[in-house]
Amino acid sequence: MITLSSDFGSPYPASMRGVILGQSDARLVDISHDFPRGDVRTAAFWLREVLPYFPPAVHLAVIDPTVGSGRDVLVVRAGEHRLVGPDNGLLVPVARRLDDRFTCFRLTDVDAASNTFHGRDVFAPLAATIHEQPDPGSHPTLQPAVDPVGLSFPDAELDGQTARGTVLVIDGFGNAITNVPGEWLTPITGGTVCVDDRTVHAVSHYAAVEAGRPLVTVGSTSYVELAVNGGRGDEWFGLSTDDAVTMRRPELDQ
Amino acid sequence: MITLSSDFGSPYPASMRGVILGQSDARLVDISHDFPRGDVRTAAFWLREVLPYFPPAVHLAVIDPTVGSGRDVLVVRAGEHRLVGPDNGLLVPVARRLDDRFTCFRLTDVDAASNTFHGRDVFAPLAATIHEQPDPGSHPTLQPAVDPVGLSFPDAELDGQTARGTVLVIDGFGNAITNVPGEWLTPITGGTVCVDDRTVHAVSHYAAVEAGRPLVTVGSTSYVELAVNGGRGDEWFGLSTDDAVTMRRPELDQ
Amino acid sequence: MITLSSDFGSPYPASMRGVILGQSDARLVDISHDFPRGDVRTAAFWLREVLPYFPPAVHLAVIDPTVGSGRDVLVVRAGEHRLVGPDNGLLVPVARRLDDRFTCFRLTDVDAASNTFHGRDVFAPLAATIHEQPDPGSHPTLQPAVDPVGLSFPDAELDGQTARGTVLVIDGFGNAITNVPGEWLTPITGGTVCVDDRTVHAVSHYAAVEAGRPLVTVGSTSYVELAVNGGRGDEWFGLSTDDAVTMRRPELDQ
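Chains as they are written, first to last, in our numbering: chain V, 915 to 1168; chain U, 915 to 1168; chain L, 915 to 1168.
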């Protein structure tokens, strides 16, 4: 199985599918090709949240704004999974989530037909090759990569009643997913929480408030989410990716 | 085979794919993940129109605006097809179309990791389970559901020369699909029809009028459609979903 | 393997998938269903650029603005590939690219359930039939088509330092892909080129200029592309599909 992720929209992903299918009978599964253009951080977040739900697979991911420059081409071994993509941090959060002891390899002979579409000319053939022979150490053109480009997401500061967090991503529904752990909110579910001085219901699910009303809940990523039932939380709360957000909960009973 | 339908956009459907593929080798086929957010009626219409073209399959469909509330989780047996989704009416029109004697079962132990993404945590594993063992009666956690939430579409009123209908959906081309049966229009194809007092050509296909011109035709759903050749019928006719529309045809020859 | 291309958006392609899977176990691979509505030329360009990356397959492509009119239904044999689609020029550029000696056949008995969705009622079943029996000559309902509708893209005029070209398509990133061959630009990579009197860097890849800055490069189609690093080239250069564009390069050293 090979999963495919990119910010290519359409129809460029089809060229990658064609190249792979010329080399391999692998089952192809799309993650998304609509990641925000060139936004390595947002894609890295989603890969970390989505790929661990898959059985062992080769995961091809190409969000590659510096394609054609000198950036390395990586293969990552993380447990039974393999990751293939550019060395720009994209693969690191999911690799760490899949297996803390992940190891990286870089391609030593990047010989591409194009300088602008390595997804088709470098990453897709490499993913197919890894699918057919999953041991990176057995490929003469792969060498251990000692210092891959890192990428990490900040932790929220939790201090008594106050959580100082950051919006990690806005999802397609407009939910603002923060880095505040769901455990911080769970004890006060059913009550209220102050979000940047606006008091909002803390609830277990979206429809616990009326349509069009704001809410705070624990989302499917296990983080605290700011949302509007049937609407866009980012707009109601006036938040974008990377914005700081401060939440205060009532004092908990001892 | 498992088909997947949702209003999740991207990348959430990929988590469902991963969960299913961890349990089953089923072929996965996407219906759409771009159904209008939370619009159970529109998705129910399209499922009814599209799924019957499939060979027997498990159809997973998650348009679930009250996820996490007490709504039931349904498995429907309709002929050789199985439907899996929330008990909010979504599955009823297609079930009736597939087999008038469809039967429903509800999941008795909903134990989800999240309250906001049952697509991933409840419906996807259930669809995989049903794919592996398609007899709902054999699953101890499924019990007959006696009174599933209903959903139906209104019939048009046909009275001599006049048809009083409703716009059921607007498709992606902007065609306004009404509930007026195509048979009402077919006899006057080649002539004209009055739509809310505007006279429009009744034609057999879009390109029978000039580009940019309005038309009335029998669409692929067998209903009367209001369209513009190469343009958007909803805009030209000023119509939205659920709007009433009155059409008058000339007197037919005896 | 059957690939699917259309301008249908969603959910209409799913009906084609269902019909095919009722007739065949073929692997289905999506090229795109987001080709610009009714734009045969743009889709023909992308089919030519993408399909040759696939191993031998049946390629179903339905951009069919005159569906239901008298236009023919074509099957094309191009090497080991088969193409199925309307006779409006859509298939010709890719057929020529796949095999200069391609041959065409037309369906002699178009008997469709609808006049508005031949993708579902005519092309999909025909693609499944061709997949099961790939020799068009063996089908009694297919006859040689002697004069299929043509479609070609203009060549750029190259005259010393000047290239007079045309924008063939704008891709989803906003890159304006011209018909000027990449070989014309390659010798001056690293220098500058005048594009309609604005001097722009000629570079090997997008990130060779700062974010937000314009550039000229050889794209993945081997044509000269006008782009903005991390932005939209069509907007910066003020160009749309079919626009003329004149480029001047410095005199080359002998």
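Since the hints were derived computationally from the structure, they do not count as laboratory data.
Every residue, glycine too, gets a C-beta built ideally from N, C-alpha and C.
Treat the hints with care, as some may be off.
Said to hold, decoys possible - Partial list, computed: chain U residues near chain L (C-beta under 8 Å):
1) Leu942
2) Asp948
3) Gly1086
4) Ile1102
5) Gly1104
Evaluated hints:
Restraint check, Leu942(U) versus chain L: the minimum CB separation of about 10 Å is more than 8 Å; hint violated. Taking 8 Å as the C-beta contact cut-off toward chain L, the hint placing Asp948(U) at the interface holds, the least distance being around 5 Å. Taking 8 Å as the C-beta cut-off, the interface hint given for Gly1086(U) holds, the closest approach to chain L being about 4 Å. A hinted interface residue such as Ile1102(U) counts as satisfied when its beta carbon comes closer than 8 Å to some beta carbon of chain L; here the least separation is about 15 Å, so the hint is violated.
Among the interface hints, the one on Gly1104(U) is violated; its C-beta lies about 13 Å from the nearest C-beta in chain L, farther than the 8 Å criterion.
Comparing the model with each earlier hint shows violations of hints 1, 4 and 5; every other hint is respected.
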